[in-house]
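Chains as they are written, first to last, in this note's numbering: chain A, 1 to 192; chain B, 1 to 192.
No lab work stands behind these hints: they were computed from the structure.
Be a bit skeptical, because a hint or two may be false.
You can't tell identical chains apart in this list, so a pair holds if it fits in one copy or across any two.
[Unchecked claim] Simulated crosslink set (SDA-like; lysine to any residue; CA at most 20 Å straight-line):
(1) K2 x E112
(2) K21 x H101
(3) K2 x K119
(4) K97 x N134
(5) K73 x R40
Note that the structure is a prediction, hence the values are computed from the model and not measured.
Number of protein chains: 2
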Amino acid sequence: MKLLEQRILEDGKVYPGEVLKVSGFLNHLIDEQLLDEIGREISVRFCGEHVTKIMTIEASGIAIACATARYLKAPVLFAKKSKTSNVSDNCYSASVKSYTHGNVANVIVEKEFLTSADKVLIVDDFLAHGEAVNGLIEIVRQAGAELAGCAIAIEKGFQDGGAKLRAKGVRVESLAIIDSMTDDSLTFREQN
Amino acid sequence: MKLLEQRILEDGKVYPGEVLKVSGFLNHLIDEQLLDEIGREISVRFCGEHVTKIMTIEASGIAIACATARYLKAPVLFAKKSKTSNVSDNCYSASVKSYTHGNVANVIVEKEFLTSADKVLIVDDFLAHGEAVNGLIEIVRQAGAELAGCAIAIEKGFQDGGAKLRAKGVRVESLAIIDSMTDDSLTFREQN
């Protein structure tokens with residue numbers, strides 16, 4: 001998606017440890033026009049799949065999931081990182097390691113909201129090692145639901161999350177795939 | 001907003017401790033059509049205010065903030081509950097007590113994304129004791145930005161957060177205000 005690649009080049013910032021900061025338009029401050037275009041583009045790629053739930057993990061995937069939901073006309077289901085007083089005990093759960101948070105979170109989804117009748121599109125802002133997506137796939141598996149695939153805004157193609165998922169037969173659509181990243185330059189993978 | 005009140009009556013669940021669970025359509029599973037209507041309604045109420053940033057706190061306010069942003073054509077800025085590796089040290093911060101999480105979180109916003117040139121609309125799913133909104137107002141104050149007001153999906157009118165904010169002169173628009181809540185019945189405040 002050229003619009004997203006262009007924005008990453010203009011406003012993204014690279015930090016030591018292969019950190020790409022897109023807080024200025026995607027996951028802290030969110031450009032509402034770019035967000036809408038991301039949702040539209042994901043919906044174009046998955047519109048034939050009859051998706052019934054769009055899943056993500058709080059917090060930064062929620063915006064993209066909602067933008068996609070509007071076009072695919074399916075509800076968003078976001079996995080929670082902590083059990084609050086308004087969450088039932090009857091949950092699916094999976095462990096997810098976060099490199100940016102530096103911890104392991106137990107993410108949960110209430111069982112009543114995901115069943116074997118669902119076809120799920122997983123959505124997130126980043127795909128790097130694939131920890132978050134694999135946690136969500138585990139929850140889809142526990143529910144006996146069908147996985148339509150994964151839609152990612154930015155994939156770090158130089159890390160192995162995307163390659164491993166595709167090797168397992170999971171359809172992964174990333175709107176921008178970064179193949180290499182240094183302080184001075186970003187290289188995007190050519191996509192059709 | 002009759003559509004939201006009706007949905008609360010149909011699908012909301014009341015639990016001990018004055019907990020209203022709306023996880024089936026607003027803050028775990030999210031009905032994308034209802035969400036869009038909530039965003040539209042908030043935008044109608046604040047469309048004359050020339051809002052430049054729509055602020056919320058992760059996680060459950062993000063969906064409503066994004067739905068509103070689409071109509072008001074302003075970016076979303078969500079305060080973060082933990083400092084991740086891609087957040088700078090140069091932040092505004094405020095302490096926010098959460099009744100549903102049972103803890104106090106230090107919420108942060110990077111200074112570069114909020115300035116004295118901004119006019120801010122604060123958005124959240126719930127208003128009860130007002131802890132989250134007051135934390136966001138404190139951050140708006142630190143930035144020297146102007147506050148346009150607060151837009152809330154569901155206000156617990158029997159708790160004091162909304163009354164205290166209005167007494168301080170803050171414009172608070174709640175799409176549904178619950179004046180009393182028992183296991184058997186909900187009473188909504190009449191609004192024009």
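Intra/inter-copy verdict for K2 and E112 if alpha-carbon distance must be at most 20 Å: neither (39 Å within a copy, 26 Å between copies)
Alpha-carbon proximity between K97 and N134, which holds within one copy, between copies, both or neither at 20 Å: within (10 Å within a copy, 32 Å between copies)
Intra/inter-copy verdict for K2 and K119 if alpha-carbon distance must be at most 20 Å: Neither: 29 Å inside a chain and 31 Å across chains, both beyond 20 Å.
K73 and R40: within-copy, between-copy, both or neither at 20 Å Cα: Classified as both: same-chain Cα gap 11 Å, cross-chain 17 Å, threshold 20 Å.
Intra- versus inter-subunit Cα pairing at 20 Å for K21 with H101: within (14 Å within a copy, 28 Å between copies)
Going down the numbered hints, you'll see the structure goes against 1, 3, while the others check out.
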